[in-house]
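Engineer: Letter by letter, the chains look like this.
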Amino acid sequence: MNAIINFASNLIRGVSSNKDVFKFNGGVHPHDHKAESTTLPIAQLALPEKLILPLRQHVGYIPKVLVQVGDFVLKGQMLAEPEGTVSAAIHAPTSGTITAISEQVIPHPSGLPDMCITLTPDGKDTWAQLQPTDWRNADKKVLVDSLRSSGIVGLGGATFPTHIKLRTNGKSNVQTLVINAAECEPYITCDDMLMRERADQVIKGIEIVQHLLGAEKCIIGIEDNKPQAASAMTAACTSKAMQVKVVPTLYPSGDARRLIHLLLDIEIPNDKRSTDVGIQVFNIATVLAVYRYFEFGEPAINRIVTMTGNVAKPQNFEVLFGTPLEALIKAAGGAKADTTHYIMGGPMMGFDLPNEQVPITKAANCIIAAAPDLFAAPPPAMPCIRCARCADACPVNLQPQELYWFSKADNFEKARDYHLFDCIECGCCTYVCPSDIPLVQYYRYAKSEIIALDKAKEAADLARERNDFRLARIEREKLERAQKHAERALAGKAEAKSSEIAVAEATKEQLSEKQETAPNVETTTSAPSDKQVAIAAAIARAKAQKLASANATESTTESATATEAIKTPEVEAAELKAKQDKQALIAAAIERAKAQKLAAAQAGVTPKNVENVSAAVQAEINETDALREKVKLATETKKPE
Amino acid sequence: MNRSPYITDAPTVSIIMLKVLLALVPGIIAYTWIYGGGILVSLTIATTTALAAEAMLLKIRQRPIKPYLMDMSAVVTAWLLALALPPLAPWWLVVVGTFFAIVIAKQLYGGLGYNPFNPAMVGYAVLLISFPLIMTKWPAPLLLAEHPLSFIEQLHFIFSNVLPNDIKVDAITSATPLDYLKTQLMLKHEVASITEASIFGQFGAKGGEVVTGAYLLGGLYLIQQRIISWHLPTAFLAALAAISFTFCAINPAHYANPLFHLMSGASMLCAFFIITDPVSGPTTPRGKLYFAAGVGVLTYLIRVYGGYPDGVAFAVLLMNMCVPLIDALTQPRVFGHKK
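Going line by line, the protein sequences match chains A and B. Counting from 1, one number per residue, gives the positions in the first sequence under the numbering used here. Counting from 642, one number per residue, gives the positions in the second sequence under the numbering used here.
If you are wondering where the hints come from, they were derived from the structure by calculation, not from laboratory data. These figures come from a predicted structure and were not determined experimentally. A hint or two may mislead.
Cβ-Cβ distance ranges computed for the label pairs, FRET-style [what the hints assert, rightly or not]:
hint	chain 1	residue 1	chain 2	residue 2	range
1	A	Lys414	B	Ile701	28 to 36 Å
2	B	Ser655	A	Lys414	26 to 34 Å
3	B	Arg867	A	Gly278	18 to 26 Å
Ideal placement from N, C-alpha and C gives every residue a C-beta, glycine not left out.
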């Protein structure tokens, strides 16, 4: 059935019969707008007046700052070291002085400020001592470990620390290295220009990565709208293990899973990584960074950025990380008068930048100056007419119209059932929607809501667990205290009667404990309020639960019934048993003390530490004895009741 | 703020609806040629009623009127209903049907995008049940009529039910081939002899098959323009052809051939214009096949065994009910999920 559908669909769509490429569902063909920024070669951007280096430029933990305000640093010197496994270092892009370590606005969809190191260049651009590596003869593990301090992250936009992708733990199961040079988003040309101008270095980078992964073959995927890049790469290929494969221009073929399918006809299972099936994907610019790190010892301090859109001279620039956006705009001939704002990334998945002072980061592959005639404001959304054009365009083969319906209705469980989390937010659905519904926004909303709900649930579970544990601890401490009391009483006093007192005391404590409305000593308010009663009731319930679960042999009391406030006969029985256990413990302690005492009497020794006590201590002992007598009397008089 | 994508490339709802209307034009031209200009009057009445009813309901529901009227969906409903009704249907019949379609079947469910049933077919079904006599009396095509009515005479008939002197209603109307076939079969006649009657043409109804052919043309344009997917018409026509072929093969004396069924009644209108309503239809490719095949089979069964000459309206409404189930059961495999 599906075969017939596919055949008929292809017949009507007139899909190219290129048997070498394995098409995925959907995709769209937006105008690529790449020609604008490829007329000029990659240019070096002049040293800006200051560099703002956000600590968070990658996926993972924030690195630990190694410098202080006022420190002089050299170009390439590490400013922050990676902390934890998934983390990346930050290096000084030029020589100069650290002038601030403070919160600044960073290029992020939230537009919120984050910790940044501000570096004021001295203009000399003095390199620190660089250490090139003879990667061909070095141990792979050492090489990958050294990459940890290179600061290199995925430059395609994902910014995942590169050293983690190369860790093979001795044995590698990666047979195929896929180099992602599809660059499917419109406007972006940084990878295109990189391949045209630096194909030789890129190929060397591929050699290194291939060597580190132990991958037998490498496929470089390039969209057919970059013929110059493809031919430059083909010409530069040095080994038969590398192959340049041209794929049809179709957004989002640059998505890793889509690209793997296109090139290899392999569908990565949704719950697995590409490495599970022996494939690792690297962006082409990342590979070049790896080459420069090993060959010259240069850490990640710059990248190529496409500055395009509504600027006088769209062009690619090699930009130091931390360079304020305004310097880049100036270099591109300035923005045209009707520029409204700037977009980082492509027009399909990019986001609005908060202002022109934000720094260029490791993720910044493209900056587009936006103007109304480039990106028209979307008309007001009309109702969904269920035309399913979105489903036809979805590269993940989801049903966006259903996801929209569920997300809009806050029906999150259903949205999850319909595989909301498989959505890659590529924007194809919104791109083709006749009703101009901002579908992706609905999915982002639903995803964040679901994640928040899951987190809240997790936190609640944790809090409950912690509370249960705390209550158990209080219980245990009480028990221990009672036991200690009993033991001390016996040990401190050589009278046989004392055992009775101890028992009485223990019982009293137990009694008082029962009477206490709130065993919680932290609650200082003495007046019993409704709230306190409620708390006490809750605690009592929790105790009952705890005991029930402790005693139940089936240990399946996590069921809903256990959470109910009503005391079931089982719970009561459990409580009784616990009480008996407790008394038995006390009795055992008393027995032990008695035995000790007996032994001591037989040996003709008095209890320890009663001889050389000070007057104060003796007074205390006497006082305690008196108290005990009193208690004994009280309990005796109470008995008849 | 992350509000990407910043670019879109899609026809608006209005453009889609306008293309559907455009695709109906060949059918309307053929219709006018065969049955006279009366249909243009019906179309005008239906369009006016639909827009007025839509505007009124939008106002009551406190929705913006202009964007929703401009989406042209009400006009599509009006045209489909008018084309499904017998030519020369009295004006009030068109008004009642259109009003019901727009107000009850569409706006009361929430307007565009929310109606579970095809509005035009709801309007049609209501009229068929309420006024069966008028709804099953079709005027003969002009070339077959004893007294072909002029446009002015048709106008008179539509608005005041008045015919020129000494012409009786029976003289201008006749049973449709589907209707005629059914009654004659009940009289124990054989298909071969029945279809020799003058009202039968090459494939279906004489004259009517031209209109049907024009619909097919318009439908192919819609597929070419990617306004409708090929799944629906293909599955509908294939199912209708398959079931009629099976019956015809078993007993050709009692069951008409597949071509007759494909080219008669509202088959082509249904295949390309009625079941292709996206709102009340399924969305998955596989679901579309099942849905359309279901309509095809039901249409045939109602035609052959039901109480009405044509079964399209009821078949569509019955399958509309199954849409949520069909969609739920035919979810395509998501990329990376197990086969």
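Engineer: None of the hints should be skipped; say for each whether it holds.
Structural biologist: Tested hints:
| no. | hint | result |
| --- | --- | --- |
| 1 | A/Lys414 - B/Ile701: 28 to 36 Å | holds, 32 Å |
| 2 | B/Ser655 - A/Lys414: 26 to 34 Å | holds, 31 Å |
| 3 | B/Arg867 - A/Gly278: 18 to 26 Å | violated, 39 Å |
In the structure shown, a violation is registered for the earlier hint numbered 3 alone.
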